[in-house]
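There are 2 protein chains.
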Amino acid sequence: MRRKLIVQKFGGSSVADVKRIKNVAKRVVSYAKKGCDLVVVVSALGDTTDELIELANKINPEPSEREMDMLLSTGEQISVALLAMAIHKLGFEAISFTGAQVGIITDSSHTRARILKINTDKIKEELNNGRIVIVAGFQGATLNQDITTLGRGGSDLTAVALAKELGADECEIYTDVKGIYTTDPRIEPKARKIEEITYDEMLEMASLGAQVMQARSIEVAKKFNVPIHVRSSFSKDIGTMIIKEVKIMEEVVVSGITLNKNQAKITICNVPDRPGVASMIFKELSGSGINVDMIVQNVSHLRQTDISFTVNKTDVSKATKIIRSVARGIRAGEVLLDEDIARISIVGVGMKSHHGVAATMFSVLAKNKVNIEMISTSDISLSCVIKKKFAEKAVKALHKEFGLTK
Amino acid sequence: MRRKLIVQKFGGSSVADVKRIKNVAKRVVSYAKKGCDLVVVVSALGDTTDELIELANKINPEPSEREMDMLLSTGEQISVALLAMAIHKLGFEAISFTGAQVGIITDSSHTRARILKINTDKIKEELNNGRIVIVAGFQGATLNQDITTLGRGGSDLTAVALAKELGADECEIYTDVKGIYTTDPRIEPKARKIEEITYDEMLEMASLGAQVMQARSIEVAKKFNVPIHVRSSFSKDIGTMIIKEVKIMEEVVVSGITLNKNQAKITICNVPDRPGVASMIFKELSGSGINVDMIVQNVSHLRQTDISFTVNKTDVSKATKIIRSVARGIRAGEVLLDEDIARISIVGVGMKSHHGVAATMFSVLAKNKVNIEMISTSDISLSCVIKKKFAEKAVKALHKEFGLTK
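The listed protein sequences derive, respectively, from chains A and B. Quick note: to get this note's numbering, add 1475 to the position in the first sequence (first position is 1). Quick note: to get this note's numbering, add 1475 to the position in the second sequence (first position is 1).
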């Protein structure tokens, strides 16, 4: 009979110090004792990546992306070596590999590389040797042997991609929370851990602000139908399964509520209402690498309109500068900046077939005297931008109204 | 005309912080401005290696050597990336490589690997592209792509080996002292910087305690006749040239005096004087990886003799334990330990052809009332073990007697 193969991924907080690394080793070994084959993906220790970025910025505020990847990839290399040593201490065989060593081939888009292919021969060989294989997350190498990294949260992607290529029975993502919750338990203590959630809902929640898992990894998991188990590295409890279709009897309309307070709203007033203007504005922004999230254009009065959009706070000053210059060029009016906003979203595959969800959301906000500044919808989500000070109140009210409270 | 090619190596103290890394970048660039091709070898930042070793020991006091190499090699990888960024900031082209990337192939003796060959194609290609090539010191990879390290001081070896393979015009070793001194200037402020020294003398001085350069690197430099320039990264002054033959007119008998206070003396009393006994003792020690330095056996009385030897202080407890057990086995007497010793050595190629050097040394020590406990000689050196408290006094007296004072 084939042995069960499990890919486990441990995030930075799970290996933040010596004690936690030892705990991870114990958990990994407990699966080995049950007779499982194990491939373990590890992130950099705690805040290592941020510290290295800070160091680089002190030397060169605009570091080369290739050199940044050389620098940052050391974080995971340290983790895998230490975890291998901790597993050896428990008397089990383990061997660590960098992304380059293990055959994770990427394109050459440094700092945000895409995986082209994975050569799993080395991993399979070591599994056959009876070893636990430990792989540095977040990294790979080009065919030319240049080291690349996969972008923030890239260790999730390493784990999911390896699980797919190896045909793993399960991909466990260990983190510092017990799973996916109906909303952030720090805001609503009555938030409930979700047992099962679909890839689509998880994707929507990840892109709307739930920070448990990287969105790209969920896309890959969805594409190749890799079952994911998000769970805590500090507890034995079952977490949340991310799967294709949820098998529960009663259909849930709204699965979760997310909140994103890391955005700012920029409004360009009195934009001449003629073809090509919106394109000009947003081409400039994307050309500078700025991601625009929600975009709202109001109805036109006197051939002029207001255009509002949201960007991440980290991009605010860059975006405002660009927009002020564009506004002058197209003879638009004032540019307004509002950093005092929050985006609140409800997510659920059930929204596709249930009407009235939007109406319920708007009425809950109205009852709580929360003004809505922007609205945006997708197939399975609905987002409103509101004043930041109302954010927590709104989350709690919606959580209750949609029956998510435990 | 061929451009001048220089290999430069910067040690950990030269890149200990952001400011120093920027200074190294400035120095490298000043050579690039002169039209030199440059290959720069860098060690890990300051105490990084020691910190990583400490971290590993907390996780596993007997870490796997393969994993230790995975861990330690990150130190130099961080340095090369940061130095490349610092050079970019000054507007020059630079590219960093790990030992593995640059084709430094070693055997699989982890933590003390030997270089088997260096494939210099990549370096030559990048030099032709007009880039400064930055190489992580101290590391390589096996043919199987396992990361290896070359042992303490291994960055010197990387630099010398690259200089040899590339046919470099010069190999500069940057350190925190201005060159090789006639003796340690912290002990004798009148110590003089040596302008030129032979490989043989430098080898002897390195193995006798001068810590400026790794002995193995000097061996390689000697074998392939690579001229080395040891100099300070904090000064523009010329340092010391290590070459095959010194071209000065007047022959110097003694070139330098070294002091080693990191050893302890172990004596086994009343050893039965029969064939094979010494072999038994020292086989046990070397089998446990303990390096024995000086060995002295006194004349035999009543078919019994005393054997004394010195080991590094770090090995004392391990060595004493082994020797006590061996002594019981061979029915020898007491085992005595003396940690209160110093080895003082005079080095010079001139000693080959000059008689009376030993007599002078002994008489200087006698005049200063310093008792000699052990004596050992080589072709170009003479060492005495004395009480530690007399060490500095003896160095100063010998320094003066042999005309080294400036």
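Take these hints with a grain of salt, some might be off.
It does not matter which identical chain is used: a pair holds within one copy or between any two.
Stated by the list, open to error - Derived DSS-like pairs: lysine-lysine, alpha-carbon spacing no greater than 30 Å straight-line:
no.: 1; residue 1: 1639; residue 2: 1653
no.: 2; residue 1: 1863; residue 2: 1788
no.: 3; residue 1: 1494; residue 2: 1793
no.: 4; residue 1: 1862; residue 2: 1796
no.: 5; residue 1: 1793; residue 2: 1862
If you are wondering where the hints come from, they were derived from the structure by calculation, not from laboratory data. The structure presented is a predicted model; accordingly, all values stated were derived computationally and were not measured.
These are the hints, each one checked on the structure:
In this assembly of identical chains, the alpha carbons of residue 1639 and residue 1653 lie at most 30 Å apart only when taken from the same copy (24 Å versus 57 Å across copies). Taking CA atoms no more than 30 Å apart as the test, residue 1863 paired with residue 1788 passes inside one copy only; the shortest distance there is 13 Å, against 64 Å between copies. In the homo-oligomer, the alpha carbons of residue 1494 and residue 1793 lie at most 30 Å apart only across protomers (29 Å), although the nearest pairing inside one protomer, at 41 Å, exceeds that limit. In this homomeric assembly, residue 1862 and residue 1796 come within 30 Å of each other (Cα to Cα) only inside a single copy, at 24 Å, whereas the closest approach across copies is 73 Å.
For the identical chains of this complex, residue 1793 and residue 1862 are intra-copy neighbours only, at 23 Å inside a copy versus 69 Å across copies, given an alpha-carbon limit of 30 Å.
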